[in-house]
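Please build the complex by placing chain D on the supplied structure of chain L, with the hints as guidance.
Chains L and D are the protein sequences, given in the same order. Residue numbering for the first sequence is 1 to 442, as defined by this note's numbering. Residue numbering for the second sequence is 443 to 984, as defined by this note's numbering.
You may find that some hints are simply not true.
[Said to hold, decoys possible] From chain D, some residues computed to sit far from chain L (all C-beta separations above 10 Å):
#1 Gly527
#2 Phe660
#3 Leu783
#4 Leu829
#5 Gly951
[As the list claims (entries may be wrong)] Stretches of chain L that chain D covers, calculated by requiring three or more beta carbons in the stretch to come under 8 Å of a beta carbon on chain D:
#6 86-94
#7 158-172
#8 176-188
#9 195-207
#10 217-227
#11 242-256
Just so you know, the hints here were simulated from the structure itself, not pulled from any lab data. By construction, the Cβ of each residue, glycine as well, lies at the ideal position given by its N, Cα and C atoms.
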Amino acid sequence: MTNFIRLTLAATIAVTLSIGSVATAEDDTIKVGVLHSLSGTMAISETSLKDTVLMMIEEQNAKGGVLGKQLEAVVVDPASNWPLFAEKARELIEVHDVDVVFGCWTSVSRKSVLPVFEELNGLLFYPVQYEGEESSWNVFYTGAAPNQQAIPAVEYLMSEEGGGAKRWVLLGTDYVYPRTTNKILRYFLNAQGVKDSDIMEEYTPFGHSDYQTIVANVKKFAAGGPTAVVSTINGDSNVPFYKELAAQGIKAEDIPVVAFSVGEEELRGIDTKPLVGHLAAWNYFQSIENPTNDAFIKQWKKYVKDHDLPGGDKRVTNDPMEAHYIGFKMWVQAVEQARTTDVDAVRQALSGQKVMSPSGYVITMDGRNHHLHKPVVIGEVNEDGQFDIVWQTDMQVRADAWSPHIPDSASKIADWSYPHLCGNCTEPKIKDPGAASSPASQ
Amino acid sequence: MKLPGFVAMLIVMALTGVEALAGEAPDFDDALRGLGSKSRTTILQSIEKLSELSDPRSLSALEALLDKRLRSDGSAGLFIVDDAGESFVDALSGEGVRVDAPDSLTTPRINNRVRRSLKPLIARLRLRNPDVSIRLAAATELLNRPSVDAVASIRVALEDESDQEVRDALEVALARIDLTSDDPKLRMQAAEVLGERGDRNHEVELKALLVEDEEGQFAEPDPAVREAARSAVEKIQRAAFLSDMAAHFLYGLSLASILLLAALGLAITFGLMGVINMAHGEMLMVGAYTTYVIVGLFETHLPDLLDAYILVAIPSAFIVCGCIGMAMERGVIRFLYGRPLETLLATWGISLILIQTVRLMFGAQNVEVANPAWLSGGYEIFRGVVLPWSRICIVIFAGLTVTGVWLVLQRTPLGLNVRAVTQNREMAASLGIATSRVDMWTFGLGSAIAGLGGVALSQIGNVGPELGQSYIVDSFMVVVLGGVGKLAGTVTAALGLGVVNKFLEPVSGAVLGKIFVLGFLILFIQRRPQGIFALKGRAAEI
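In isolation and in its complexed conformation, chain L is listed as follows (with noise of 0.2 Å):
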């Protein structure tokens, strides 16, 4: 019934958009897809994401546009309602023509649209951290693979340095990121002598809002010996998760909670002074400090300012917005030497774009597996509902769309080069190299 509700309204406002942009759309203009919730339990997180796109597409618009055409925004709202991302795909491939997809936060909506972008060849731009196990021909994925992220923060919180963890709490909302990502954490941590008993696992539904048994549940753990809490707990529950840890009196100096899902704009909702030096593992932060991000944000505020967005100077940027970011860039410079917006020209032009990302860091595309090289930086939650960064790797790390951690994943290849053409293989595809044929064909 809930979803009927929300696919009728869905629809009622995507029918009204969409007349709308018809009705403007013109021959020589390109046309860049939005695929984001604007409402619903995911709308918490994804609507600034849409907001980024759109201040991007201002941006180059005000510069030329691309190949001397303006760009157009698309914008659909799929509503946190996983087989309605996979209708509005289509529908901004097959009605709009749309050239690119920027979109999708939960893996359970990428995984909804991905054979929609596979059966019509389109490009979709992700940008969320997501647990990899997924390589695919017509996806870029510009969030953190989990060696990009999760691992990370696990050996953080393991070393001296984080509190030195014996015990694991892996909590997180029931559906295929949190699942993945922590089957991968647990054998990791298996790997590192953790054994199944000190490690509790436990999922919430999607707008859970009753966190005190869970809560009270971790205290008890957490009297077994030192304990650390990897969330990756997503949407609107992180609001009333947090406040059972404030309101319990849980403090990170005992009992560390890091989160994978939870950055600046989530937090905007919530009073951090209970919180403070709870983490965060991300791949930017806002307020690491340099000439690009200073740049990126001030051009955030400005264009908060400029359409008066609802949240005003409380608005923050964080890192799927510089993903976005990142993203958005190496289109532009990849439609830009292949000279066309055609998919197959930009997704070979798009292997090996670099940009200068608000990280401080020189992003990669890497063409083999279609995710990004990137730093890992860990923050802890300060009283202004920013991070105070506590780690950082020294340099950009590869990511791994197969974990080396899981044994069945170990031995598959994701490689979109020569000769192995395949996101999901073990040996290559093209095996006598005489005889090679496009890799769209197979």
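Only chain D this time, still in chain L's reference frame:
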């Protein structure tokens, strides 16, 4: 300075080494300066050094470091700034100073590791604070993070500590440390103290004594101490079991109160009037948004009284939702009495209209309703069981609302009319009751009470346009399980579901727990379609 305090200080000096005062004053200054360093390693070393010196003069600088009020000018100068960030005090001399360029000063950056060594040291130095609550917090901190360094300070503090609570905490803290001492007598004593007053956090340490290695050697050589440890573990486990049960019950009660507030309005509109009211959830949502609007008004017009917004939000939500409910009844529902399918569709349509209206007015994103200061934080009901103030207040609020509704229905003319009309509409009409007007008031009352539920929900969860959607199923569940038309049934069902859910959750997890409850409900309704409390007599036949 009081005499015992002075004596205590002398003893501390004797324990930490008198030469600390005489010859190592530069050491103290250096260590203090180290707190302003850019490198966290240097800060940690300084804290270690200060911990050895245990000099009360370092307290204010340490506190400032923790609160990020410490400023360094990069060389010898170290300043403590007040909360407003205006006046500066020299950390070394303790005298006020004028700082010409406050922006050029740096704030030393700390992380959890620094906090872990900083907090016990601050706690140790605060043990002689005149304020009991600060001493208690300090003692609790030492209790949670035992370190051998603190033994001397704790023993000294115990000597002239008068407050029983602080003494208890200190004794347990001492026992935790003594458990690893070389003296079997001390270990024995420590095990006994922990058995009496310890909690689950100390079980591991006691159990460590009982570990037997491969050669049959116990970690604890003395059998008498082992025996004491064993009985202490048992005592702790017994107490922990009881406190777990009590905690599940309390959490269940708090969930029940939320279910009850969500369902109470529906118990009237659906339970008493028989309207299948799909827009009930949206009344909760409108109540929550009314709270949000009231917070906004207070922020702009009465920022000083912000904490009291809830007192205005409650009647406002009651009136707003009541009016919407009456308008709904007059405009749509009264034409559809006795046609349940049409009512269902019509109220569902209304719910969609309300959701979309709110989305257009306030945006699709969740809005933030901050708890008033007096509702944030929690109260430790007994050791290890913390209930947030917001939830405690919701339990009380739910109780008051139920009493209020019961009084209205049983003790007022309106209630009498409502009961008469729901029992037998024709008979009531022939006795001169304006049934149509009573319908309007009843529906308005049900909606208004849903609005009160919305105020409560805004304090614990997210406020968004879809808020009502997540509660509508639960609300119908409670009303149907309790038996349609019975207030007592609704209360019992809410209590039952809440408590059962919370006892199941630790065993099966939140997701499975919900499935079990729904499965149980299906079975129950099959066996007893009329719910827990069935209407009897003539009313049941209509």
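Hints and how they fare:
1. With a minimum CB-CB distance of about 13 Å to chain L, Gly527/D clears the 10 Å threshold, and the non-interface call stands.
2. No Cβ of chain L comes within 10 Å of the Cβ of Phe660/D; the nearest lies about 21 Å off, and the non-interface call holds.
3. Every CB of chain L is more than 10 Å from the CB of Leu783/D (nearest about 15 Å), matching its label as outside the interface.
4. Taking the minimum C-beta to C-beta distance to chain L, about 8 Å, the non-interface status of Leu829/D is violated against the 10 Å cut.
5. Against the 10 Å criterion, Gly951/D falls within the reach of chain L, whose nearest CB is about 6 Å from its own CB.
6. Coverage of the segment 86-94 of chain L by chain D is violated [criterion: at least 3 residues with CB-CB distance below 8 Å; count 0].
7. Counting residues of the segment 158-172 of chain L whose CB lies closer than 8 Å to any CB of chain D gives 4, which reaches the minimum of 3, so the coverage claim holds.
8. Remark: the segment 176-188 of chain L is not confirmed as covered by chain D, as 0 of its residues place a Cβ nearer than 8 Å to a Cβ of that chain, below the required three.
9. A count of 5 residues in the segment 195-207 of chain L with a Cβ less than 8 Å from any Cβ of chain D is obtained; the coverage claim is therefore met, three being the minimum.
10. Note: the segment 217-227 of chain L has 6 residues with beta-carbon separation from chain D under 8 Å; the three-residue rule is met and the coverage holds.
11. Counting residues of the segment 242-256 of chain L whose CB falls under 8 Å from any CB of chain D gives 10; the rule of at least 3 is met.
The structure is inconsistent with the numbered hints 4, 5, 6 and 8, although it conforms to all the rest.
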